[in-house]
Amino acid sequence: MSLPLLGIEEGCQSNVTSLGSPGSMDSVCQSTAELKERNYFGLSDCSSIGSSVVTPGLDESNVSLNLKATELRLGLPGSQSPERDPELCLLGSSQLDEKPLFPLHPSSDSHCCASQKAVVTGNKRGFSDAMDEFSEGNFLANSKVDVMLSSRPLSNLGLKSGSMLENLVAQPTKAKEVTSQKVVKDRTHAANETRPNPNASANNNSGAPATKAQVVGWPPIRSFRKNSLSTASKNTDEVDGKAGADALFVKVSMDGAPYLRKVDLKNYSKYQELSSALEKMFSCFTIGQCGSHGTLGRELLSESKLKDLLHRSEYVLTYEDKDGDWMLVGDVPWEMFTDTCRRLRIMKSSDAIGLAPRAVEKCRNRK
Amino acid sequence: MGSSELKRSKDSVSDESARRSSFPDEVLERVLSLLKSHRDRSSVSLVCKDWYNAERWSRTHVFIGNCYSVTPEIVARRFPRIRSVTLKGKPRFSDFNLVPENWGADIHAWLVVFAAKYPFLEELRLKRMAISDESLEFLAISFPNFKALSLLSCDGFSTNGLAAIATHCKNLTELDIQENGIDDKGGSWLSCFPERFMSLEVLNFANLTSDINFDALEKLVGRCKSMRVLKLNRSVSLEQLQRLLVSAPQLAELGTGSFSQELTIREYEELESTLSICKNMHTLSGLWDAKGIYLPALYPACSHLTFLNLSYAALQSVELAKLLAHCPRLKRLWVLDTVEDKGLEAVGLNCPLLEELRVFPADPFDDEIVHGVTEAGFVAVSFGCPRLHYVLYFCRQMTNAAVATIVQNCPDFTHFRLCIMNPGQPDYLTNEPMDEAFGAVVKTCTKLQRLSVSGLLTDLTFEYIGRYAKNLETLSVAFAGRSDWGMQCVLGGCSKLRKLEIRDCPFGNAALLSGLEKYESMRSLWMSACNVTMNGCRLLAREMPRLNVEVMKEDGSDESQADKVYVYRSIAGPRRDAPPSVLTL
Chain A
0 MSLPLLGIEE GCQSNVTSLG SPGSMDSVCQ STAELKERNY FGLSDCSSIG SSVVTPGLDE
60 SNVSLNLKAT ELRLGLPGSQ SPERDPELCL LGSSQLDEKP LFPLHPSSDS HCCASQKAVV
120 TGNKRGFSDA MDEFSEGNFL ANSKVDVMLS SRPLSNLGLK SGSMLENLVA QPTKAKEVTS
180 QKVVKDRTHA ANETRPNPNA SANNNSGAPA TKAQVVGWPP IRSFRKNSLS TASKNTDEVD
240 GKAGADALFV KVSMDGAPYL RKVDLKNYSK YQELSSALEK MFSCFTIGQC GSHGTLGREL
300 LSESKLKDLL HRSEYVLTYE DKDGDWMLVG DVPWEMFTDT CRRLRIMKSS DAIGLAPRAV
360 EKCRNRK
Chain B
0 MGSSELKRSK DSVSDESARR SSFPDEVLER VLSLLKSHRD RSSVSLVCKD WYNAERWSRT
60 HVFIGNCYSV TPEIVARRFP RIRSVTLKGK PRFSDFNLVP ENWGADIHAW LVVFAAKYPF
120 LEELRLKRMA ISDESLEFLA ISFPNFKALS LLSCDGFSTN GLAAIATHCK NLTELDIQEN
180 GIDDKGGSWL SCFPERFMSL EVLNFANLTS DINFDALEKL VGRCKSMRVL KLNRSVSLEQ
240 LQRLLVSAPQ LAELGTGSFS QELTIREYEE LESTLSICKN MHTLSGLWDA KGIYLPALYP
300 ACSHLTFLNL SYAALQSVEL AKLLAHCPRL KRLWVLDTVE DKGLEAVGLN CPLLEELRVF
360 PADPFDDEIV HGVTEAGFVA VSFGCPRLHY VLYFCRQMTN AAVATIVQNC PDFTHFRLCI
420 MNPGQPDYLT NEPMDEAFGA VVKTCTKLQR LSVSGLLTDL TFEYIGRYAK NLETLSVAFA
480 GRSDWGMQCV LGGCSKLRKL EIRDCPFGNA ALLSGLEKYE SMRSLWMSAC NVTMNGCRLL
540 AREMPRLNVE VMKEDGSDES QADKVYVYRS IAGPRRDAPP SVLTL
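Line order of the protein sequences matches chains A and B.
No gaps in the numbering here: position 264 of the first sequence is 263 in numbering that gives the first Met the number 0, and each next residue is one more.
No gaps in the numbering here: position 393 of the second sequence is 392 in numbering that gives the first Met the number 0, and each next residue is one more.
Warning: the hint list may mix true and false statements.
Below are the DSBU-like pairs computed for lysine-lysine, each with C-alpha atoms no more than 35 Å apart in a straight line [unchecked claim]: (1) B:Lys278 / A:Lys321; (2) A:Lys321 / B:Lys321; (3) A:Lys250 / B:Lys218; (4) A:Lys279 / A:Lys265; (5) B:Lys224 / A:Lys321; (6) B:Lys290 / A:Lys321.
Calculated directly from the structure, the hints in this document are not laboratory data.
Model, not experiment: these values are computed from the prediction.
Construct the entire structure; sequences and hints are all you get.
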């Protein structure tokens, strides 16, 4: 038998019927619906937010803060961020189970309500309080900020415990109060969740509307397993893509970018095309990074400047081949390249040579 | 026999020599040194003073279930000859992000004491402890005889710490890193094992994600002829696996790396033939991203398998069925619910000796698609596997009748952990609470030690538990119950209860305080998102000074509410390393 769809919308509505604060609920629903369309920068054209797997070679010290702050999971509702919507919607969803689908006896129905209500009201702020604040908060600010700003070390990010992060942590106190306490508290504590790659299974990446609200720590599955499973589904995608004749998707990472992208190598027939596509794809990152820290950044880097950067070898394009070696793109014929390329990395040439161009340096310092 | 003799001789003769001649201490110590179980040893130590002393001198392994129940100094004072330590730290719900950051359970203070008192320490096994790279390095340097390190569900360290262990522990036989919050900085740590190092018997780095230096690994495995457990991480390919197995056909436990590389026919055949010479293999795991078409390569290695861990391989029912046909001796099986009920039917058909089954959800947070396992799969297994005594089952629907059938078929359950993933979900056929299901479990399974309940549950479930689950030691409750009465039943009835963990239940102060007398006989109590208030906790702390009552409050919660409560007995007094978010009352 199929289980009820427990989308946010439905959850919201059933909450409305049982706990009656329709106005605030609607705005919550809207806000969450909005949330799913935006990415970290508030740009809606950057589609398919890719995985948040951090490649091992990522420049850790400079990027770590940004990466953390932009940890992908929050961008997508329904991604594996169980803290996203707290018991409010949980309550709704279980009520949803009980009401339309199961004709309950009146006695057990009221019992259920009582117990569930007791759970919520007994030890949390009033439900309507939480909802009011929820709707008022600036969602994008929340999403930027309420990501696991934890001081625990993350895999693949060379982060020691948290003095660096405390600055960031200080910022979002406002956001903390806005979102329900359980959500945020466990976000900041949920270092487990921040481990790379746990950005949802493939299902969620397709941009489907948020699935039901998730409760912190439920179902009780250890983080390692959760992370492994989400990577598993992504990997099978990748493997299947490579095996199929239709598409050849490879991951592309860029040093300093908060998330990775994927390109289909079959879309291009020569290096030049791939190169321009990547420039377009990643221009929003470089602009965004510097831009978010002030107008000066915008002046420094425009899309053309980025191209200049790439052409002046501020960045080098490298790829990992079947043997696991990192090679410079462009040496071998295109066909051979597509055969052997497993993933791409736009690397700072300073990493390779040891020189840092001033523009990029300034940008880095702003983070 | 021995004790009464000793008592008599103690009374009649006062000098040491006479006592020694009637029953020499050395003999007693020698006899007691054969006792391994720490519970037996605890019992022995209570017999009389001589036995207490003999026991403490002969004990070489100490198990501490809660690191805050005792201090390292106290341990060292009582047991002077320890060579192996097992320590557990954080409450179990920390695995699910319910415990605040920096909660504690740091190993370092222990290591400092051990370095002074147990310089010949050989083994350290930690679960849910915080351990830093500095601590790992300290460990590596301080104990020249150090042999075995096992870290399960720990955090705070990185691969640099592992490098320190590899570099300095010349006698290392075991390095077992499981499910930790590890900061994976790369695989170079593996290259830190010295060139002549060859004592490793157990190597488990499946937890790590980054690539390791395969050359170094291959040489290491080639050198360590006594290696019996090798669990690789996902970055190791099939081809590399085959090369490793060639040098280690004696392996008893194998965790493969990624099982999904594209192989040529020749490569596949090579893999198959290499696996066929692994006749000692009784445990197989890993199989990340396993491709069904390559599974047959495993068949020859499966004939003696007793433990098969497929919980990272999203297999379909048919693939599982075919594989299980080659595993007649299987006793323990872990799978993902991608195998569905049909796959579990195959389990019931092919594994008559099965004792343990764990079914994990592949998509725990996705409700939109109908998938996973149902009550039917569980029932099918129970018909085919009467010896089943340990189950962990994640599902999206269950019925009371199914559970009743299951325990009728398998009355020997010692561990019954059922997780109906939607909180508070009733029997989907009758819409009734799942009370009768768990009632059947506790009534029928008299040996039950561990129980996790889920679904829609009233206080009746807890009445049943209190009345019938007389051997129950660990109980996990979530989103269940109606009133204080439920928890009171459990505390009043389950005489052997040691660990009680509760979340999101309507149990309040009355329930909490009804266990006043009981908590000292338990290891710990966890209550989060219940109806307990600060006043209730303060009262508990006041009445029971030998309990540590810790409260963790959440931002923005009511002043009076005790959001998360952790109560445990301790002879160490309140701890001094609690972070600001943890209030000790």
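Hint-by-hint comparison with the structure:
no. : hint                : verdict
1   : B:Lys278 / A:Lys321 : 32 Å, holds
2   : A:Lys321 / B:Lys321 : 31 Å, holds
3   : A:Lys250 / B:Lys218 : 32 Å, holds
4   : A:Lys279 / A:Lys265 : 17 Å, holds
5   : B:Lys224 / A:Lys321 : 31 Å, holds
6   : B:Lys290 / A:Lys321 : 18 Å, holds
Comparing the model with each earlier hint shows no violations; every hint is respected.
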